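Engineer: Given next are the chains, with one letter for each unit.
Protein chains: 2
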Amino acid sequence: VSARAIHVAVLGGGSWGTTVASLAASNAETTLWARNPDTVEAVNERSRNPTYLGDLPLHRRLRATTDLAAAVWDADVIVAGVPGQAMRSTMEAVRPLVRHWVPIVSISKGLELGTKLTMTEVIDEVLPGHPLGVLAGPNLAREVLAGYAAAAVVAMPDEHVARSIQSVFASRRFRVYTNTDVRGAELGGALKNVLAIAVGMAEGLSVGDNTRAMIFTRGLGEMTRLGTALGGQAETFAGLTGVGDFMATCMSPQSRNRTVGAELAKGRPIAEIVAGMNQVAEGVKSAASVVELAGLHGIDVPICCEMDAVINHGRSAIEAYHGLGRIPPGHERD
Amino acid sequence: VSARAIHVAVLGGGSWGTTVASLAASNAETTLWARNPDTVEAVNERSRNPTYLGDLPLHRRLRATTDLAAAVWDADVIVAGVPGQAMRSTMEAVRPLVRHWVPIVSISKGLELGTKLTMTEVIDEVLPGHPLGVLAGPNLAREVLAGYAAAAVVAMPDEHVARSIQSVFASRRFRVYTNTDVRGAELGGALKNVLAIAVGMAEGLSVGDNTRAMIFTRGLGEMTRLGTALGGQAETFAGLTGVGDFMATCMSPQSRNRTVGAELAKGRPIAEIVAGMNQVAEGVKSAASVVELAGLHGIDVPICCEMDAVINHGRSAIEAYHGLGRIPPGHERD
Chain A
1 VSARAIHVAV LGGGSWGTTV ASLAASNAET TLWARNPDTV EAVNERSRNP
51 TYLGDLPLHR RLRATTDLAA AVWDADVIVA GVPGQAMRST MEAVRPLVRH
101 WVPIVSISKG LELGTKLTMT EVIDEVLPGH PLGVLAGPNL AREVLAGYAA
151 AAVVAMPDEH VARSIQSVFA SRRFRVYTNT DVRGAELGGA LKNVLAIAVG
201 MAEGLSVGDN TRAMIFTRGL GEMTRLGTAL GGQAETFAGL TGVGDFMATC
251 MSPQSRNRTV GAELAKGRPI AEIVAGMNQV AEGVKSAASV VELAGLHGID
301 VPICCEMDAV INHGRSAIEA YHGLGRIPPG HERD
Chain B
1 VSARAIHVAV LGGGSWGTTV ASLAASNAET TLWARNPDTV EAVNERSRNP
51 TYLGDLPLHR RLRATTDLAA AVWDADVIVA GVPGQAMRST MEAVRPLVRH
101 WVPIVSISKG LELGTKLTMT EVIDEVLPGH PLGVLAGPNL AREVLAGYAA
151 AAVVAMPDEH VARSIQSVFA SRRFRVYTNT DVRGAELGGA LKNVLAIAVG
201 MAEGLSVGDN TRAMIFTRGL GEMTRLGTAL GGQAETFAGL TGVGDFMATC
251 MSPQSRNRTV GAELAKGRPI AEIVAGMNQV AEGVKSAASV VELAGLHGID
301 VPICCEMDAV INHGRSAIEA YHGLGRIPPG HERD
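Protein chains in written order, with my numbering: chain A, 1 to 334; chain B, 1 to 334.
It is worth saying that the hints were derived from the structure and are not from the lab.
Hints should not be assumed to be uniformly reliable.
[Said to hold, decoys possible] Listed below are several chain B residues computed to face chain A (Cβ distance under 7 Å; list not exhaustive):
#1 Asn139
#2 Leu140
#3 Glu143
#4 Ala151
#5 Gly208
#6 Asn210
#7 Thr211
#8 Met214
#9 Gly239
#10 Ser252
#11 Pro329
[Stated by the list, open to error] DEER-style ranges, computed between Cβ atoms:
#12 Thr115(A) <-> Asn312(B): 54 to 64 Å
#13 Gly314(B) <-> Ser167(A): 45 to 55 Å
#14 Ser167(B) <-> Ser316(A): 27 to 37 Å
#15 Pro328(B) <-> Trp101(A): 25 to 35 Å
#16 Leu113(B) <-> Ser206(A): 31 to 41 Å
#17 Pro253(A) <-> Ala69(B): 50 to 60 Å
#18 Thr115(A) <-> His331(B): 30 to 40 Å
#19 Ala86(B) <-> Ala275(A): 55 to 65 Å
Just so we're clear, the structure is a prediction, and the values are computed from it rather than from any experiment.
A virtual CB, placed ideally from N, CA and C, is assigned to each residue, including glycine.
Using the sequences plus the hints, can you model the full thing?
Structural biologist: Laid out in structure tokens, this is it:
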């Protein structure tokens, strides 16, 4: 006897939202909500999202709609994949449409400007009481959709709920682990964006593999120290949503944050780099918030501080690099 | 008033021993012991080690000798940089020549065949009671010698001794941190060799950045679980000697272990790959020992097991890769 079928609503027709919806469609009846009618039509008529995913085929059973109510009304799981700065307004629109016990899974990384809140904090403010977690990990959308093997983590406060959500996304090629540390899983993704700019910058300055490994590792230390001060567990930052996601971002030519760093290293001004990109590099937006959060909690984050100085206060990449070199090394964990 | 000058003896004229000796020579009177008279002459006459380091200049004050007694007689610090399988016999030759309180710093990675002992365990068996630790981290010798920025860790059981050893190697470009977890610092370097073969294999199979990040992260988990069972501290594996060294090895085209993995992925037999290399890839030698140690401690190391099967039992790279895919993912930390 097969279990009762469940319905999944994925909100957000960007590259990752569409990819997650396509994964879910192989396990459950899935509806993708997107604002753009062209995207909806392309998904329904041709199983494609040409705006973000070129000609890669989506699951043929995936349906899309521009009607938020139609997407969420019957949903047993809601996947929140809209951009960080649209999360609050989208959740406000969702509020009157959902039952209280429907789990919400965030797949968006980043911090809300102004409030410095993570996505699950924003969702919890608007829709308090729902089972709430994240799906996160080293997941470049195009590779996942193309069927390359990848791993991710579903983090929910309750392990039983995590396991049932796991089965919504998992496939032979997409390995979904569980974790109960929602905070750690979410913060890894938010903090790595700023740090990936630093690694990209090191690469752009051609300072060698040792140097990149040093900045990566010291950056991971900043992520872990700040992330645990903010309530995450240290082990989570050593896992797929921390070191894994950070590493994929640093290795991939597809990563926007890494690209920003490499371009800054060439001496190009940040405004020009950002103007030339068709999607936002999340780390550019969140650098100031990360440094502020670290200050509030008394955590030293020298790499994030230098990135904030380069992005927001006119420091050059080479000055930032020399600034880091002037800090005397002490005990590895300080 | 400057402190009393100290004498350093570095044993082993390979690429890393020579590089560490050159670093020490800028802070202390340093003698490099090498077996090869041509190496000794090249260091003394031309400040070069052409066998391993091409035309890169060494510190001009570095002296070399083939006479072990001359090297260690006045030494206040002994740096042990001979290959893993020569460590025991070298230390036996050193034993009658040194004072009991002279600190010994291992810079060799790997496990002794047969005994499965780490280098500091071998040294401690032959020269018990000496202050004993390691210098380790993401350090490709040529990059360090060429003056690219890099970071390393001196791990000694006593933080005060660690700090005095730190000052022997540190420079503006070579950042030396301290740690008291000798076991963790040493095991990271030993275990990463086997795991780097797996990451190189994934790269050779062209399975994408997500997949490589997955294997890297799950491999780091194996390193941490086995390393803590063997007495290391979890945080150390998230630091420069763990994730940092592992990452540099996986990124660098200079890494022998990574190269072995990439060649195995092409279907070349291991004997042929090894025969074509002029230096040993440590991971090939230690794969069986790592799997044995894991078995003794009841730790699951699926990636290391697959590498052992490929290296020692004729499994193909593609079979190993599929074998890993068949393990159902559970909680991230299991």
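Engineer: Each hint needs a verdict: does it hold in this structure or not?
Structural biologist: Do the hints match the structure? See the list:
Interface hint status for Asn139(B): upheld, as the beta-carbon distance to the closest one in chain A is roughly 6 Å, under 7 Å. The beta carbon of Leu140(B) comes within 6 Å of a beta carbon in chain A, closer than 7 Å, and the hint placing it at the interface holds. Hint on Glu143(B) holds. Least Cβ distance to chain A is approximately 4 Å, under the 7 Å limit. Interface restraint check: Ala151(B) against chain A, minimum CB-CB distance 4 Å, threshold 7 Å, status holds.
Among the interface hints, the one on Gly208(B) holds; its C-beta lies about 4 Å from the nearest C-beta in chain A, closer than the 7 Å criterion. This hint holds: Asn210(B) has a C-beta 4 Å from the nearest C-beta of chain A, less than the 7 Å allowed. A distance limit of 7 Å between C-beta atoms decides the matter here; for Thr211(B) the minimum to chain A is near 5 Å, and the interface restraint holds. Satisfaction of the interface hint for Met214(B) is found here, the shortest Cβ-Cβ separation to chain A being roughly 4 Å, below the 7 Å cut-off.
Because the closest C-beta pair between Gly239(B) and chain A is about 5 Å apart, less than 7 Å, the hint holds. The criterion of a C-beta within 7 Å of any C-beta in chain A is met by Ser252(B), whose closest approach is roughly 4 Å, and the hint holds. Satisfaction of the interface hint for Pro329(B) is found here, the shortest Cβ-Cβ separation to chain A being roughly 5 Å, below the 7 Å cut-off. Between Thr115(A) and Asn312(B) the Cβ separation comes to about 56 Å, which falls inside the hinted range of 54 to 64 Å.
Gly314(B) and Ser167(A) have their C-beta atoms about 36 Å apart, which leaves the hinted 45 to 55 Å range violated. The beta-carbon spacing between Ser167(B) and Ser316(A), approximately 31 Å, falls within the hinted interval of 27 to 37 Å. Between Pro328(B) and Trp101(A) the Cβ separation comes to about 28 Å, which falls inside the hinted range of 25 to 35 Å. As the Cβ distance of Leu113(B) to Ser206(A) is approximately 39 Å, the hint placing it in 31 to 41 Å holds.
For the hinted restraint 50 to 60 Å between Pro253(A) and Ala69(B), the CB-CB distance of approximately 54 Å keeps it satisfied. In this structure the supplied range 30 to 40 Å holds for Thr115(A) paired with His331(B), their Cβ-Cβ distance being about 32 Å. For the pair Ala86(B) and Ala275(A), the supplied restraint of 55 to 65 Å holds, since their beta-carbon distance comes to about 59 Å.
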